[in-house]
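Asker: Okay, here's what each chain looks like letter by letter:
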Amino acid sequence: MDGSPSFDRFLAAVDRDGAIAETRTRAEASLSRRRLLGLALVGAGASLIGSSRARAARGLAASDVSILNYALVLEYLQASFYTEAERSGALSGKTAEAARVVGATERAHVEAFRELLKSQAVKRPTFDFQGATEQQQPFLKTAVAFEDLAVAAYKGQAPKLQSNAVLAAAVGIHSVEARHAAWMRELFGITPAVHAFDKPASRASVTEIVASTHFIVAKPQLTKRRRPKYTG
Amino acid sequence: MIIVLAASALIGLLRPGLGASHHAHRTRAAASLLALPASPPPALKIGPPAQLSSGRYLSRWTIVRRPTVALAEPRPNATVVAALATRAPEGTPNALTVLRAKTGEDGALWIEVRLPVLPNGSVGWVRRRSLGAYQTVDTRLIVDREALRATLYRNSRVIFTAPVAVGTASWPTPSGEFTIRSELTRYASPFYGPVAFGTTARSAVLTDWPDGGFVGIHGTNEPQLVPGHASHGCIRLRNSDILRLAELLPVGTPLTIR
Chain A
1 MDGSPSFDRF LAAVDRDGAI AETRTRAEAS LSRRRLLGLA LVGAGASLIG SSRARAARGL
61 AASDVSILNY ALVLEYLQAS FYTEAERSGA LSGKTAEAAR VVGATERAHV EAFRELLKSQ
121 AVKRPTFDFQ GATEQQQPFL KTAVAFEDLA VAAYKGQAPK LQSNAVLAAA VGIHSVEARH
181 AAWMRELFGI TPAVHAFDKP ASRASVTEIV ASTHFIVAKP QLTKRRRPKY TG
Chain B
1001 MIIVLAASAL IGLLRPGLGA SHHAHRTRAA ASLLALPASP PPALKIGPPA QLSSGRYLSR
1061 WTIVRRPTVA LAEPRPNATV VAALATRAPE GTPNALTVLR AKTGEDGALW IEVRLPVLPN
1121 GSVGWVRRRS LGAYQTVDTR LIVDREALRA TLYRNSRVIF TAPVAVGTAS WPTPSGEFTI
1181 RSELTRYASP FYGPVAFGTT ARSAVLTDWP DGGFVGIHGT NEPQLVPGHA SHGCIRLRNS
1241 DILRLAELLP VGTPLTIR
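Chains as they are written, first to last, in this note's numbering: chain A, 1 to 232; chain B, 1001 to 1258.
Hints in this document: simulated from the structure, not taken from any laboratory.
Even for Gly, the Cβ is constructed at its ideal location relative to N, Cα and C.
Careful, some of the hints might be misleading.
[Stated by the list, open to error] Here are the computed lysine-lysine pairs in the DSS-like style, where the Cα-Cα straight-line distance is at most 30 Å: (1) K199/A <-> K1102/B; (2) K141/A <-> K224/A; (3) K118/A <-> K1045/B; (4) K1045/B <-> K123/A.
[To be verified] Pulled from the structure, derived: some chain A residues nowhere near chain B, Cβ distances all over 10 Å: (5) E84; (6) E97; (7) A108; (8) S119; (9) A145; (10) D148; (11) A152; (12) K155; (13) R225; (14) P228; (15) Y230.
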């Protein structure tokens, strides 16, 4: 994790139940344990340990891991949205078909990120789409917003990636998200491609947009320490 | 772009009838293209699109996000069936099983839910905006009062079964469709065993019981009474069984008592 102020703001906005922070703390604790183990084994190997702290899953730079987790949260958001829409059975015609196809793709993205990040992957937050998955027009409006946001977010992070292999993957996903955006725009009745150049979106602006939806909520705590008063 | 350049170079190379100098130039151009470094393989192995399972055994639940009323029909002026608080008597969020959604004549989205009220089996319509996030479970718990047995399914597979004690003839365990809505732990009460699950089922007899006479599923300090008809309506399991069930039963699971 890079601990950059913008990413911290993003976490604060989306991580109301602490799931991401918990994973982050665990990952950092794991790194600390590995560091202690490293000290015990190699004695004066501090430089090696320092190097290992800067590297994360599969030799990725910590900043790349941070960007991948940021992308994973957006993929969780999209995958959960389409899954809930498909499960609701409220969509019809071409919209239902698009939700099915796009949802399957977004779920594949999620699995790929989780596979790469392994224990450093952030947990799936709890999403409350407030009915946007259960009516056709609110669904399309939200889908357009999500896809446009994802396209802009990937564009905003691509130049910051250190690994060319991660960049190659990100570019591959970015173009798929752009196709999704065009498809949803067409279904919603707006022009799929208007501008000759698309602007990237910064983490800060994506954070603000995601936070403003209130789609990410605290997970209900249904386990409690309390003496029962049931009939017995 | 690279593909276009390479294709142009190859087309140029294949075009007949040009002189030797042109040929040499084209050869150098093609060679320079071939000298470009290969693209790195993507770091992510993205699999095929992940289709959803049938969802045949999935059910959805949600919580009451703001105090509201459940109505008999999905329209604002319909008869009130029940008032819904944000908290269950246990102090946990008020969890309800979601049955279906409908857009009302007012254009608002209405959700039909199972209600934790008497008569047992009541359902009602609630505005979507008063409810929280949807959660899904692939489990369902069935309590058979004749066989005196609880059985937990995940999808269609039995993952737990154990004998139970249910209510006596004077204080019967109600039948119907309900929801597991809370899990209480780390309390000091041998009578309820180590774990107790709260349900939306209510005793039709013990209506003045503290917290309203809800039926729980819990352990016991009288294991010799399991299986049997021994309770005031609650579903009692031996402590070893309730601990095993607690490992498998997610809150929000639909409960059928028959």
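Asker: For every hint, state whether the structure bears it out.
Answerer: Each hint, compared with the structure:
no.: 1; hint: K199/A <-> K1102/B; in the structure: 39 Å, violated
no.: 2; hint: K141/A <-> K224/A; in the structure: 39 Å, violated
no.: 3; hint: K118/A <-> K1045/B; in the structure: 13 Å, holds
no.: 4; hint: K1045/B <-> K123/A; in the structure: 20 Å, holds
no.: 5; hint: E84; in the structure: 6 Å, violated
no.: 6; hint: E97; in the structure: 13 Å, holds
no.: 7; hint: A108; in the structure: 5 Å, violated
no.: 8; hint: S119; in the structure: 17 Å, holds
no.: 9; hint: A145; in the structure: 19 Å, holds
no.: 10; hint: D148; in the structure: 21 Å, holds
no.: 11; hint: A152; in the structure: 20 Å, holds
no.: 12; hint: K155; in the structure: 17 Å, holds
no.: 13; hint: R225; in the structure: 5 Å, violated
no.: 14; hint: P228; in the structure: 4 Å, violated
no.: 15; hint: Y230; in the structure: 3 Å, violated
In terms of the numbered hints stated before, the structure departs from hints 1, 2, 5, 7, 13, 14 and 15, listed from lowest to highest.
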